[in-house]
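Protein chains in written order, with this note's numbering: chain V, 1 to 338; chain L, 1 to 338; chain U, 1 to 338; chain P, 1 to 338.
Keep in mind that a hint or two might mislead.
[Unchecked claim] Quick list of in silico lysine to aspartate or glutamate cross-link-like pairs, DMTMM-like style, CA-CA up to 20 Å:
1. U/324 with U/298
2. P/143 with P/155
3. P/324 with V/199
4. P/81 with P/101
5. L/324 with U/267
6. V/324 with V/298
7. P/143 with V/199
8. V/143 with U/267
9. L/324 with L/307
10. V/143 with V/160
11. L/143 with U/155
12. V/143 with P/78
13. V/143 with P/155
14. L/143 with U/199
15. P/143 with V/155
16. L/81 with L/65
17. V/324 with P/101
18. U/324 with L/199
19. L/143 with L/131
20. L/143 with L/199
21. U/143 with L/155
22. L/81 with L/298
23. V/81 with V/65
24. U/81 with U/298
25. U/143 with U/131
26. V/324 with V/189
27. U/143 with L/57
28. L/81 with L/57
29. U/81 with U/105
30. P/143 with L/267
31. L/143 with P/37
Hints listed in this document are in silico derivations from the structure and should not be mistaken for laboratory results. No experiment lies behind these values; they were computed from the predicted model shown.
Okay, here's what each chain looks like letter by letter:
There are 4 protein chains.
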Amino acid sequence: MIRIAVVGAGRIGSIHTQNVLAAPQTTLTWLADPNIEAANRLAQQAPHVRVTTEPVEAATAADVDAVIVASPTPTHVDLIKAAVAAGKAVLCEKPIDLDLDRARDCLVYVAARGGRAMMGFNRRFDPTFAEIHTAVGQGRIGKVEQLTIISRDLDLAPLDYLTSSGGMFRDMTIHDLDMARWFLGPITEVQATGQNIIDPRVGDIGDIDAGVVVATAESGAVATIVNARRCAFGYDQRLEVFGSSGMLQAANQAPTTVRTTLAHSTDAGPRYEEFFLQRYAASYRRELDAFVSGIAADAVPPPSLFDGVAALELADAAQTSLGKRGAVAIPPSEPPGT
Amino acid sequence: MIRIAVVGAGRIGSIHTQNVLAAPQTTLTWLADPNIEAANRLAQQAPHVRVTTEPVEAATAADVDAVIVASPTPTHVDLIKAAVAAGKAVLCEKPIDLDLDRARDCLVYVAARGGRAMMGFNRRFDPTFAEIHTAVGQGRIGKVEQLTIISRDLDLAPLDYLTSSGGMFRDMTIHDLDMARWFLGPITEVQATGQNIIDPRVGDIGDIDAGVVVATAESGAVATIVNARRCAFGYDQRLEVFGSSGMLQAANQAPTTVRTTLAHSTDAGPRYEEFFLQRYAASYRRELDAFVSGIAADAVPPPSLFDGVAALELADAAQTSLGKRGAVAIPPSEPPGT
Amino acid sequence: MIRIAVVGAGRIGSIHTQNVLAAPQTTLTWLADPNIEAANRLAQQAPHVRVTTEPVEAATAADVDAVIVASPTPTHVDLIKAAVAAGKAVLCEKPIDLDLDRARDCLVYVAARGGRAMMGFNRRFDPTFAEIHTAVGQGRIGKVEQLTIISRDLDLAPLDYLTSSGGMFRDMTIHDLDMARWFLGPITEVQATGQNIIDPRVGDIGDIDAGVVVATAESGAVATIVNARRCAFGYDQRLEVFGSSGMLQAANQAPTTVRTTLAHSTDAGPRYEEFFLQRYAASYRRELDAFVSGIAADAVPPPSLFDGVAALELADAAQTSLGKRGAVAIPPSEPPGT
Amino acid sequence: MIRIAVVGAGRIGSIHTQNVLAAPQTTLTWLADPNIEAANRLAQQAPHVRVTTEPVEAATAADVDAVIVASPTPTHVDLIKAAVAAGKAVLCEKPIDLDLDRARDCLVYVAARGGRAMMGFNRRFDPTFAEIHTAVGQGRIGKVEQLTIISRDLDLAPLDYLTSSGGMFRDMTIHDLDMARWFLGPITEVQATGQNIIDPRVGDIGDIDAGVVVATAESGAVATIVNARRCAFGYDQRLEVFGSSGMLQAANQAPTTVRTTLAHSTDAGPRYEEFFLQRYAASYRRELDAFVSGIAADAVPPPSLFDGVAALELADAAQTSLGKRGAVAIPPSEPPGT
């Protein structure tokens, strides 16, 4: 049994907690959150877990093999370092940090200590995306030429959240940029367009609420990412890979397969899944499974911290591109020590 | 150029007329209808055509190679005989006659003279059904085991029409019974269930307005036909063939591919095609093309008059089954002279 | 917490056990199976459960509030009676018994004691079917006129199983017949057609391996059920309700939404769910939830034992219809004491 | 009857010719092509048409009311001017000219003379796109926020053609840029990314064979256009409009609705329509119909010559953006005389 500490009792910490409790090969030993009420509430489901308001205490405790970091972004780097220094494996939610230099520094720190750390880009574990990735790898559609991602959130997040989110590209697009790297390999150029169409207050805080990022890969393939912070019909999460001999697509998902046909509207499906908690429920479970299997085999699988830094670089470049109204070249980079 | 006489200037005669006028290998020489106004109206599109109120005159005229019979059912047998006796090829709308004995007699008459006659079961020429038939013949889904047809008309036909239609099975289901024979081969048993759910006046004239026919083939395969005389969402024409290694389905058709996604209804298509004039427009064109090519090659293709008799036998058996609340065995039969 | 005894450690008992363990409002206290190894194996997931080879011991134990009967069919009646006599609520897998008289006798026994018993027709709890049922009840498609069910198993069950199954209609079609009653209300006539197309050994034991049942409801609506015991492309479970103003359909389900487009095949989905364990996983969970909520409110919800008897009557009638090649009328019946 | 001269007997001239011959309200009086054999071949279908190798002769003949210009691009401007000067209505294939200044000059010329000219952006008349445009105009999806177009040709055109095509943006993307203007209104910025992934010879002639254009509208909406010059699975022509309350999509089209389900591939459709001749057959017919109805009402409908110039401006801007790796602002413009 792998003993897990979950740091952060918010929405995502709660998903991880439930998955740790349900997985046969894991046991939850610690739960940490400065908000003791949130931590205690979550701990009710796990009678024997120890609760603390000190994240580092949980992340370094003797009866912990692995730490899941689901606390606010500014705390990630210190927690990763502390956990790695204590010999723990780490699964950290994105992003490593909003500051690229701090993220790179963390990467170097972990690499220097041979630390085991995995980035929580859970979409790589979505069964549909993963099946497409496997099929692409098997050459099912020939050489990959274009990737198109449409990714829209249900409701505009609260302004408070947006203000500290690092901007749409670092907060939301970063998932899609990781998908672009996963499907296309290294990216060499990013070009971004931003929109303020949903709520003028987003513009007031200097952010955008929709936009498009076009990323060119070293291979010559191009990824097109269309984002919006609000979508009337649910969580819009589609992806298609176009290759020299075919195409693979991920359709949206709904809770049922009901098709309604009325006089002037035929074969209508139900509303799509509401949000990531529903849409990516299986991704979080499979991510935990991969993390835990990796620990058991002493080989934490990708996405790595380097993948986390690389996606952040692309998000930063998109932000720069937005300001200069032009393409931004991405210098080649490699994981430390390679 | 094959010279064609069209008998009947109604809805179906009009389709045939337009197709004859548009086809490069045919010329329309005669148009006949006792209703001279209808005939003249239709003839406006064809400046050089001769118009008559005497169907037999058109069907036997010297400048006619082939006759398309689209007049009322009671006139079919005499017209087929007259045309065949005059050496013309015939394409006759279903049914041959509402009386099975008269239909069989006509078949014997034509066979004895080596006449060339084709039944207007146009659905065999629908591109979708034809593609499925070809794929089935190529063994794409293994051995055929079950056929399911859902066939619903848009609006209940006028009572006048229904009264002289021979009943739902002979008028409407006969198309589906021909499909069953086409896909499954000879039928050995028919079992029918009737409904009166749409309009009580249909029951008053001794007919049904919906129902199900289950037909068992010599091969062991079973066809299930679900019919209704009224459908709120357009012309519902679906068919699926289930085989030992797969399934082939024909979906409904709509004028456009628009998909509408709103808050609580996703990927909705537009209303289906209204009725057979729209849904089977291509079938009529391809039927004419097959007929004409057959004439040119001196081998009028199926469906034959025998197919017309056989489908009528099944419709009659369904009617009998309805009355006795039990299955009706179909004796084997073969085309005359085989 | 509702204390549950599960009787039967086979495939379905295992599903129920896992759901009882996972549900927040239930606790598993007993697990019974004459096969002690199967029981112990299943009990490994539940440290504090008591295991017995005596089903009645578990079904009547003091620390049990409700019994889930998932043992072989011949044991159902005695277990239901014992549990009800001991004041326990019962959830019993279908069928009550293969003998209609024994099933009716059991129903009378339970009714006389005011027993609380529910039939495990889990499909009523499938989210898709349930959503359709709700929409139909709300009048979304007008008056219900036709129900079409296509229900095919993945692989032919072992001959041993088939030999004691009571025949395809009582074993497999019974689920669809319950759906017919659920959507259309009381059934007044059944007409059946059988096929032997998959494996001749099924015919050798006097059973069929495919077939069609047409059931007419008191309301005038008709249900058409197409069954096969083997399906090359997964578990084929479709249902459509046709009403005076529209149609509601349940499509097949697959593990992912991947769509594959290659040169000659576009938008292809993945293989459907394998079998009922996958396809109806949510149904079993929601069924348990309804059962447990019913116990808490002292009102065990439908499907009732009466529903179990009524579906068995229809399966028996289908069997009779098969032999006599004709329709079988279903006499009206009501739950005892109504 | 409107008397039409068709200039150009190539692939597109041939489509127009057939449509003119089939339309009830038009008659074909002249057919012009310097390649007399091509002209004569096409004229075989129209016995009374006059054939010439002199386009201007046809375009200005007395027995001509309207001219369809389907000759090579460099001839367009002179033909438009000649026809307008002779008082004819003109329907001209895109682009007006590869040189923006010449195109603008032509626009001024026609406007000064009150000429009636329409641009052959036939996609505006595609039934699916037109239905979406109407629905958008009716506010069915609220305020338009994002437009995504995926537009891929079947096979890479011959190098000869590509060399004189003006480049992918002017030759192929121009249709999509017109769609962007049609759905979003005036465009204020264009950003382009190019790819050389299909055939290195395209790069050798200084062109791209795939790419992405992102166009921002004055309204704040953004259009994303993904293009490729070769597509393994047919002619890929999709479009979706995302609005504040919903989404409208145009799916790809296939010749039949056959769905094939095999062991590991379910609901697969047939190959899509091959190319624009099939996919946009109805568009060309409806375009002609709108043109002719406009002439009859003395109000030639859009797309206008101004629309042709505006789309060319955007294509030029995309080309500039490609070179400078940055966004290009589009100055506002208005039709002459407004």
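Hint check results:
At roughly 45 Å between alpha-carbon atoms, residue 324 of chain U and residue 298 of chain U are farther apart than 20 Å, so this suggested pair is violated. At roughly 36 Å between alpha-carbon atoms, residue 143 of chain P and residue 155 of chain P are farther apart than 20 Å, so this suggested pair is violated. This hinted pair does not check out: residue 324 of chain P and residue 199 of chain V have alpha carbons roughly 32 Å apart, beyond 20 Å. For the hint linking residue 81 of chain P to residue 101 of chain P, the alpha-carbon distance of about 15 Å falls within 20 Å, and the restraint holds.
Restraint check for residue 324 of chain L and residue 267 of chain U: the C-alpha separation of about 47 Å exceeds 20 Å, so the hint is violated. Restraint check: the Cα-Cα separation between residue 324 of chain V and residue 298 of chain V comes to about 45 Å, which exceeds 20 Å; the hinted pair is violated. Note on residue 143 of chain P and residue 199 of chain V: the hinted pairing holds, with a Cα-Cα distance of about 13 Å set against a maximum of 20 Å. As the CA atoms of residue 143 of chain V and residue 267 of chain U are separated by approximately 19 Å, the hinted pair is consistent with the 20 Å bound.
For the hint linking residue 324 of chain L to residue 307 of chain L, the alpha-carbon distance of about 26 Å lies beyond 20 Å, and the restraint is violated. A distance of roughly 43 Å separates the Cα atoms of residue 143 of chain V and residue 160 of chain V; the hinted pair therefore is violated under the 20 Å criterion. Simply put, residue 143 of chain L and residue 155 of chain U have alpha-carbon atoms about 16 Å apart, close enough for the 20 Å limit, and the pair holds. Proposed proximity of residue 143 of chain V and residue 78 of chain P is contradicted: the alpha carbons are some 45 Å apart, above 20 Å.
Annotation: proposed proximity of residue 143 of chain V to residue 155 of chain P holds, straight-line Cα distance about 16 Å (limit 20 Å). A C-alpha spacing of about 13 Å is found between residue 143 of chain L and residue 199 of chain U, which places the hinted pair at or below 20 Å, so the restraint holds. At most 20 Å may separate the alpha-carbon atoms for a hinted pair to count; residue 143 of chain P and residue 155 of chain V meet this at roughly 16 Å. In summary, the hint linking residue 81 of chain L to residue 65 of chain L is supported, as the alpha carbons are separated by about 15 Å, within the 20 Å threshold.
For the hint linking residue 324 of chain V to residue 101 of chain P, the alpha-carbon distance of about 29 Å lies beyond 20 Å, and the restraint is violated. A threshold of 20 Å between alpha carbons decides the hint, and for residue 324 of chain U with residue 199 of chain L the separation of about 32 Å lies outside it, so the pair is violated. Proposed proximity of residue 143 of chain L and residue 131 of chain L is supported: the alpha carbons are some 17 Å apart, at most 20 Å. Between residue 143 of chain L and residue 199 of chain L the CA atoms are separated by roughly 40 Å; this puts the pair beyond 20 Å, and the hint is violated.
About 16 Å separates the Cα atoms of residue 143 of chain U and residue 155 of chain L, which keeps this hinted pair within 20 Å; it holds. A C-alpha spacing of about 19 Å is found between residue 81 of chain L and residue 298 of chain L, which places the hinted pair at or below 20 Å, so the restraint holds. The suggested pairing of residue 81 of chain V with residue 65 of chain V holds, with an alpha-carbon distance near 15 Å, which does not exceed 20 Å. About 19 Å separates the Cα atoms of residue 81 of chain U and residue 298 of chain U, which keeps this hinted pair within 20 Å; it holds.
For the proposed pair residue 143 of chain U and residue 131 of chain U, the alpha carbon gap of about 17 Å is at most 20 Å, so the pair holds. With a CA separation close to 14 Å, the supplied pair residue 324 of chain V and residue 189 of chain V stays within the 20 Å bound. A hinted pair counts as satisfied when its Cα atoms are at most 20 Å apart, and residue 143 of chain U with residue 57 of chain L does not qualify at roughly 51 Å. The hinted pair formed by residue 81 of chain L and residue 57 of chain L meets the criterion: a straight-line CA distance of about 13 Å does not exceed 20 Å.
Distance hint between residue 81 of chain U and residue 105 of chain U is fulfilled; the C-alpha atoms sit about 10 Å from each other, no more than 20 Å. Proposed proximity of residue 143 of chain P and residue 267 of chain L is supported: the alpha carbons are some 19 Å apart, at most 20 Å. Of the supplied pair hints, the one linking residue 143 of chain L and residue 37 of chain P is violated, its CA atoms being roughly 53 Å apart against a limit of 20 Å.
Consistency note: the structure conflicts with the earlier hints numbered 1, 2, 3, 5, 6, 9, 10, 12, 17, 18, 20, 27 and 31.
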